[in-house]
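Participant: Please take these sequences and the hints and turn them into a complete structure.
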Amino acid sequence: MRVTIKLFATFRDGRFKVEEQDLSEGTCVLDVIQPLNIQAEELAICLLNGKDANEHTVLNDGDTLALFPPVGGG
Amino acid sequence: MGGYTGKVLRINLTEGKISTEPLNMELAKKYLSGRGLAGKMFFDEVAADVDALSPENTMYIATGVLTGTNAPTSGRFMVVTKSPLNGVIASSNSGGYWGAQLKFAGYDMVILEGKAAKPVYIAITDDKVEIKDAANVWGKDVYATTEALKAEFGDDKAKVLTIGPAGETLSLNAAIMNDLFRAAGRSGVGAVMGSKNLKAIVVRGTGKVVNANPDEMKNVLSAALGKIKENGVTGAGLPTYGTAVLVNIINESGIFPVNNFQESYDANAETVSGETMTANHLIKKDACYRCPIACGRYSKWEGGQGAGPEYEAVWSFGPDCGVHDYDAIHVANDLCNKLGMDSISAGCTIATAMELVQKGYVKPEELEGIPLEFGDAKGMVEWTRKMAYGEGFGAKLAQGSYRLAESYGHPELSMSVKKLDIPAYDPRGIQGHGLQYATSNRGGCHVRGYMVSPEILGLPQKLDKDSLEGKTTWVKIFQDLTAVIDSIGMCLFTSFALGLSDYTAIVNAVTGFNYTDAELLACGDRIYNVERLQNLRIGMTTADDTLPPRLLNDPIPAGPSKGSVHRLPELLPAYYAERGWDAAGVPTAETLKNLGV
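Chains as they are written, first to last, in this note's numbering: chain A, 249 to 322; chain B, 373 to 969.
One or more of the hints may lead you astray.
[To be verified] Keeping only pairs whose Cα atoms sit at most 27 Å apart, straight-line, the calculated DSSO-like set for lysine-lysine is:
1. B:656 with A:265
2. B:522 with B:500
3. A:265 with A:254
4. B:934 with A:299
5. A:299 with B:834
6. B:500 with B:487
7. B:601 with B:590
8. B:500 with B:580
9. B:934 with A:265
10. B:657 with A:265
11. B:750 with B:768
12. A:265 with B:672
13. B:834 with A:265
[As the list claims (entries may be wrong)] If you want the ones that stay clear, here's a sample from chain A, every Cβ over 12 Å from chain B, calculated:
14. 249
15. 267
16. 271
17. 272
18. 274
19. 276
20. 280
21. 285
22. 304
23. 306
24. 308
Read the hints as simulated data drawn from the structure, not as lab findings. Please read all numbers here as calculations on a predicted model, not as lab measurements. Beta carbons are placed, not taken as given, at the ideal position from N, Cα and C, and that holds for glycine.
Facilitator: Structure (structure tokens):
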């Protein structure tokens with residue numbers, strides 16, 4: 249299945265902004281971040297198709313996953 | 373007693389009379405300082421039916437009890453007066469260094485009454501206070517005025533607070549600027565200062581602000597600074613990217629308004645993101661007095677450099693106007709700093725005007741050939757300038773988005789609450805924040821209870837942004853806690869890292885008082901109710917606690933929050949009950965008695 253992975257802020261350092269990945273069925277968020285050397289504790293905001301998700305959320309074909317470290321403003 | 377200087381400076385500009393008076397400590401214990409105390413004094417001293425731009429309106433420039441101490445971010449002050457935009461108690465917050473300097477000069481607050489016969493400015497050096505002729509700076513912009521008055525004052529350590537041309541022309545989008553780039557931006561407070569023929573206040577203080585318990589303060593500060601440093605937002609995210617880092621977060625959540633809230637997802641958001649600004653525009657970071665966060669940006673653009681822009685201005689002049697030209701956004705933001713305008717409402721007013729043009733309500737012959745269409749960056753910049761000077765159609769823009777849209781028979785196209793423009797979060801996809809917009813005493817404002825923190829950022833805990841569950845309780849607590857933070861002189865951004873007990877500990881160490889957490893939070897509740905009473909006595913009703921019809925009725929058309937509307941009617945009655953207000957949104961006698969109002 250094809251999933252779009254978007255990284256933001258410091259997660260981009262040495263990685264990428266956006267990438268489409270071919271993943272096997274049953275892949276969860278943790279399976280995506282581990283090869284990127286992103287720890288689950290670093291993940292502050294995890295949006296799957298704009299909705300809240302977490303490291304255990306299972307991905308589906310056509311999903312967009314957006315990952316942020318702790319950031320904010322106002 | 374520490375923190376407070378105990379002295380208020382009162383200046384009647386009509387009579388040219390300068391006097392000092394003791395701070396009312398009985399009131400201060402109940403309303404703290406800043407927004408709370410000045411708001412209460414305004415409520416008691418200024419009649420409900422006063423014209424905001426008349427000499428009878430009074431302006432209170434009030435520091436916080438912590439302002440000028442060694443507490444983190446303790447440079448804040450509040451401008452409190454009747455808003456010419458909507459009649460409520462305006463309380464516009466600013467940072468920088470001016471507030472601390474006023475405290476060093478020995479004053480908790482400056483009260484400005486009446487109207488000078490000709491343009492003047494006020495010069496303060498400790499006990500020496502003078503009203504001086506401002507003829508040579510009237511008409512000048514903020515940068516030129518600041519430079520000229522510093523030179524005239526003869527002390528480079530002096531701090532300047534001033535209005536620009538927008539304040540002089542009584543634009544309802546006019547801000548009061550200090551330290552060149554910091555703004556008491558919202559509610560049209562710059563126009564009130566302009567209506568008094570008061571151009572600026574220059575202040576130099578040589579005193580100190582005393583802490584009642586210095587040893588206790590060391591421990592309290594160490595704990596607070598540690599939390600601010602360790603927190604991912606205040607310790608890393610904000611210092612690295614500034615507030616514009618929100619562009620991608622809010623866009624990916626599907627609540628990033630585009631083209632005057634006609635859409636809520638922007639496929640081109642990356643062009644104006646905080647990451648892009650950091651990579652291509654950032655020169656250096658900037659910090660206010662005693663701030664360990666340093667979220668301020670100093671940036672470059674094609675042909676210039678200057679402060680900002682903040683997230684809200686990136687959005688208001690950018691995607692809300694359909695613009696993705698970062699250089700143009702920088703220039704418009706710089707015009708706001710230079711000419712003294714609220715960079716949220718200025719951009720929002722142009723976005724509203726663009727929709728009026730788009731729908732054919734504004735005729736091309738009114739526009740002198742200057743483009744006013746979504747996506748036209750050059751037109752957006754030129755209309756920003758013309759708004760500040762009130763030139764041509766710019767005079768209509770200077771009245772703010774609500775009056776502009778109303779004058780064409782379409783007030784529903786103003787994306788405002790109580791005539792104050794809603795900032796950069798579409799409430800249709802964030803229910804608690806939308807309730808906060810609708811019930812904010814000053815109107816469409818994001819910093820009266822920043823529900824984005826729990827609903828998007830997950831601080832202090834993650835809430836489902838689309839759920840209604842528990843939101844009335846969260847909104848009330850956030851509004852009350854914000855009223856406390858606004859009234860002690862610290863920056864709201866500390867609340868990403870600090871909790872109520874941290875603020876209580878700092879206030880007690882500085883003042884020597886013994887507030888409990890509950891007592892301090894009750895001060896916020898009390899402040900909120902006094903502001904509400906002002907809204908009621910000028911004739912506002914529950915009908916004013918609402919959102920623009922588009923946000924209640926029209927589902928978000930596309931993006932991650934597609935299909936959402938704001939469900940305000942389901943929340944409002946429970947919110948009133950939570951506050952101890954009746955079904956008409958009026959505080960009950962019991963509520964006021966319990967709060968000691």
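Participant: If we take the beta carbon of residue 280 (chain A), is the closest beta carbon in chain B still more than 12 Å away?
Facilitator: The claim holds: residue 280 (chain A) sits with its nearest Cβ about 16 Å from chain B, beyond 12 Å.
Participant: Under the criterion that the straight-line Cα-Cα distance not exceed 27 Å, is the pair residue 750 (chain B), residue 768 (chain B) satisfied?
Facilitator: Distance ~19 Å between residue 750 (chain B) and residue 768 (chain B) Cα, so the pair holds.
Participant: Next pair to validate is residue 299 (chain A) with residue 834 (chain B); report whether the Cα-Cα distance is within 27 Å.
Facilitator: holds (12 Å)
Participant: Between the alpha carbons of residue 934 (chain B) and residue 265 (chain A), is the straight-line distance 27 Å or under?
Facilitator: holds (24 Å)
Participant: With d taken as the least Cβ-Cβ distance between residue 272 (chain A) and chain B, does d exceed 12 Å?
Facilitator: holds (25 Å)
Participant: Using Cβ atoms and 12 Å as the threshold, tell me whether residue 304 (chain A) really stays out of contact range of chain B.
Facilitator: holds (14 Å)
Participant: Taking only the CA atoms, is the gap from residue 656 (chain B) to residue 265 (chain A) under or equal to 27 Å?
Facilitator: holds (24 Å)
Participant: For residue 271 (chain A), which was marked as not at the interface, is the minimum beta-carbon distance to chain B over 12 Å?
Facilitator: holds (20 Å)
Participant: Is the hinted pair residue 500 (chain B) and residue 580 (chain B) satisfied, with a Cα-Cα distance of at most 27 Å?
Facilitator: holds (17 Å)
Participant: Is the Cβ of residue 276 (chain A) more than 12 Å away from each Cβ in chain B?
Facilitator: Holds, because the least Cβ-Cβ distance between residue 276 (chain A) and chain B comes to about 18 Å, which exceeds 12 Å.
Participant: Do the alpha carbons of residue 934 (chain B) and residue 299 (chain A) lie within 27 Å of each other, as the hint requires?
Facilitator: holds (11 Å)
Participant: Under the criterion that the straight-line Cα-Cα distance not exceed 27 Å, is the pair residue 500 (chain B), residue 487 (chain B) satisfied?
Facilitator: Distance of about 21 Å is within 27 Å: holds.
Hint compliance for this structure: no hint is broken.
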